[in-house]
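Just so you know, the sequences run in chain order D and H.
Following our numbering, the numbering of the first sequence begins with 1 at its first residue and continues without gaps.
Following our numbering, the numbering of the second sequence begins with 1 at its first residue and continues without gaps.
By construction, these hints were calculated from the structure, which means they are not laboratory data.
Glycine included, each C-beta is placed from N, C-alpha and C at the ideal position.
Just the calculated beta-carbon pair ranges, DEER-fashion:
hint, chain 1, residue 1, chain 2, residue 2, range
1, H, L50, D, K65, 40 to 46 Å
2, D, N376, H, F55, 52 to 58 Å
3, H, N181, D, K278, 26 to 32 Å
4, D, N250, H, L50, 53 to 59 Å
Residues of chain D placed beyond 10 Å of chain H at every Cβ, according to the derived structure:
hint, residue
5, D228
6, P257
7, A299
8, D302
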Amino acid sequence: MQGQPQFGAPISGISRRDILKLGGVAALGIAAVPLLAACSSGGGTSGSGASSITFGSNYSDPAPKSAFGALTKAATKSTKVKIDVNTVDHNTFQNNITSYLQGTPNDLFTWFAGYRMQVFADQGLIAPIDDVWDKIGKNFPDSAKALSKGTDGHYYIVPIYNYPWVVFYNKSTFQEKGYQIPTTWDEMITLCKQMQKDGLIPFAFGQQDGWPALGTFDILDLRMNGFDFHMKLMQHKVPWTDSKVTDVFNKWAELLPYVQTGSTGRIWQDAVKTLESKKAGMMFQGTNQVAAQYVTDNADLDDLDFFVYPEIDPTWAQDYMDAPADGFCLAKKAKNVDPAKKVLEYIGTGQAEVAYLKNDKWDVALATDADVPTYNAIQKKSVEVIKACKNVAQFLDRDSDPGFADNTVAAAVDKFINSPTPATIQSIQSSLEAQAKTVFTAAH
Amino acid sequence: MTDTQRRTAIGPDAGSAAPTPRRRRRLRRLTKRDRVLLIVLLGIPLLADLAFVWFPAVTSVVLSFTSWNGVGAIQPWVGTQEYKFAFTVDPQFWPAVLHNVIWILVFGLIATPLGMLIAVILDRNLKGSRIYQSVFFMPVMLSLALIGIIWELMYSQNFGLINTLLGRTGGDAINWIGNPNLNLGAVLVAASWRQVGYVMILYLAGLKGVDTSLREAAQIDGANPWQTFWRVIFPVLKPINVVIIVITVIESLRAYDIIYIMSHGTVLPGLELLSMLVTQYIIGQTTRIGYGSALATVLLVISLVPIIIFLVQSFRKEDKA
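Produce the complete structure using the sequences and hints provided.
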């Protein structure tokens with residue numbers, strides 16, 4: 001059955017999904033085209049109860065795909081469960097997750113920790129896996145456990161790795177020009193001014209995909225207002241019109257003159273390229289993007305280094321950062337529950353994370369018993385800086401309603417970046433608040 | 001089907017003193033085979049029409065009165081709340097409407113007249129007119145998605161043709177797609193590039209169909225080319241003109257693919273369109289089917305206006321005939 005497209009409605013009878021699909025728009029067809037890619041993988045047979053499972057994967061880029069392949073191979077070797085992987089382009093996978101989980105999902109699927117998982121767990125689309133965690137719980141620190149729980153306190157995800165959002169730079173550039181690593185906001189602004197004098201773009205930045213700028217919002221909010229306020233804001237327990245949010249945008253406006261212009265029309269991959277070519281001095285994004293892009297482009301990864309975002313308010317110092325964790329969930333509609341849980345138990349070990357990270361040069365393991373011999377300098381430093389945090393956030397579109405984040409907040413932030421005036425800040429704050437009121441009272 | 005039968009039956013009978021028995025006799029004129037044929041020929045398109053046009057359209061409208069998120073039962077019913085949200089809260093709604101209107105205006109006032117002008121010029125049997133025809137028609141044979149990719153390469157800030165030609169390759173490189181003040185214009189140039197060829201080929205076909213004796217008669221009467229076109233040819237081409245107007249409006253409202261390609265699927269500031277907003281809300285991680293449907297309904301209502309005008313026009317003509 002794995003040869004069939006995995007998304008969409010069951011073939012027999014007209015379900016709500018059909019109504020939705022027909023009732024939506026013709027444009028839905030556009031979304032369906034890339035789904036055909038899902039047909040290409042798999043072809044094995046799986047009877048119910050047999051020790052064979054299907055695994056829906058959004059690790060569609062070549063590097064993570066090969067790392068994921070190594071992981072499933074190791075899992076099969078250890079558990080004797082045959083795994084059929086169904087790889088789907090990650091944007092397509094994420095955009096169709098609601099229909100996917102209600103249709104005929106794979107037994108296991110790749111997903112994200114935090115609120116972004118809780119939303120679907122609350123809707124009853126993800127199965128609780130407390131029994132798996134009884135066995136693997138000892139392998140993980142408390143912070144990872146907290147990330148893996150739904151709002152009801154049950155476990156729903158087994159994380160595989162996480163990665164920090166930090167400021168990247170080329171060591172050679174800093175050496176050549178004699179730059180110092182900034183530890184405070186003022187030092188960073190001074191450094192930016194110096195870089196501009198030296199003909200560099202201080203911060204490389206690409207915001208076409210809508211989400212990269214959300215990371216800047218996160219870190220400024222975490223630095224200026226602390227973790228608790230940030231999480232409350234994410235779940236709309238604090239209004240977006242709060243003056244502390246205004247402060248964040250005002251601070252951001254101070255930084256924007258030093259950020260690559262025209263960012264709303266540039267993909268972040270191209271922004272990384274300006275850092276690679278040393279036209280830019282720094283770039284603030286996740287290792288999962290910047291370091292991964294260096295590997296993809298065959299750029300000099302050894303020259304790449306990073307520092308933690310400078311302190312703004314001494315109250316919060318450098319205590320928090322975004323360190324999103326990715327992992328695996330069991331679909332509520334899974335057909336092969338027992339073998340799937342067996343695989344999850346294996347994935348929740350340091351050994352499995354080592355197998356995954358053998359082919360991954362930018363993420364880091366979460367399990368405490370993972371001893372990864374293949375870590376490079378970036379990864380070793382990532383482990384350190386994440387450990388040094390008092391708490392880590394996931395990312396704006398993982399800590400808040402993802403649709404609200406990726407459509408609404410992203411659009412507001414785009415508007416701000418293109419015109420960072422007090423008037424814009426005021427208008428987007430009130431607009432965000434008005435929209436949040438609708439989104440967060442909706443039934444989920 | 002009943003309609004057809006009645007028409008066959010009534011026509012010549014009108015005013016007959018004893019209509020009932022005769023009508024029944026006439027009805028029987030439709031043999032069993034005719035009836036089956038009618039059922040098949042009308043029934044299949046009717047079913048297809050109901051299933052693929054009316055059902056989704058009506059469902060969309062129904063869903064627009066809910067704030068359903070795509071999971072579980074269709075609820076809750078919220079009346080016109082989603083419409084209020086669009087009209088008063090959503091900061092992307094009015095820009096999207098405005099951009100759709102700009103699209104229609106640019107197509108209607110620039111692209112379409114330009115295509116007609118080219119057609120008229122090419123119709124004068126210039127030397128090499130076939131080559132020009134092929135050149136202008138070429139973009140029409142490409143899908144809009146492909147045109148999006150081609151123009152994306154031209155507009156690229158870092159390695160695009162246009163910035164290279166302008167000599168702006170350094171820090172002053174223009175960001176054609178990212179700049180919210182430029183990007184709609186940039187996309188419209190690309191879309192018009194195709195629209196011009198499309199209109200040209202339609203109009204050229206129409207012009208070729210015009211009876212040459214009309215032109216000769218006009219010339220004999222002493223009309224100059226300008227007068228010949230506006231007073232003689234243009235009125236004769238009325239059916240083509242109506243088709244072109246309808247195509248212009250429909251192409252403008254269904255604008256989607258080219259923007260989708262250029263913006264990589266996200267709604268960029270400056271490039272908001274109703275169709276982009278609909279998909280943003282209907283497909284996505286946390287879907288807002290209710291709101292997406294409300295936007296789709298707004299788009300439907302807007303589309304109905306030109307369609308109704310077109311239908312009224314063409315039916316009125318039929319009645320006259």
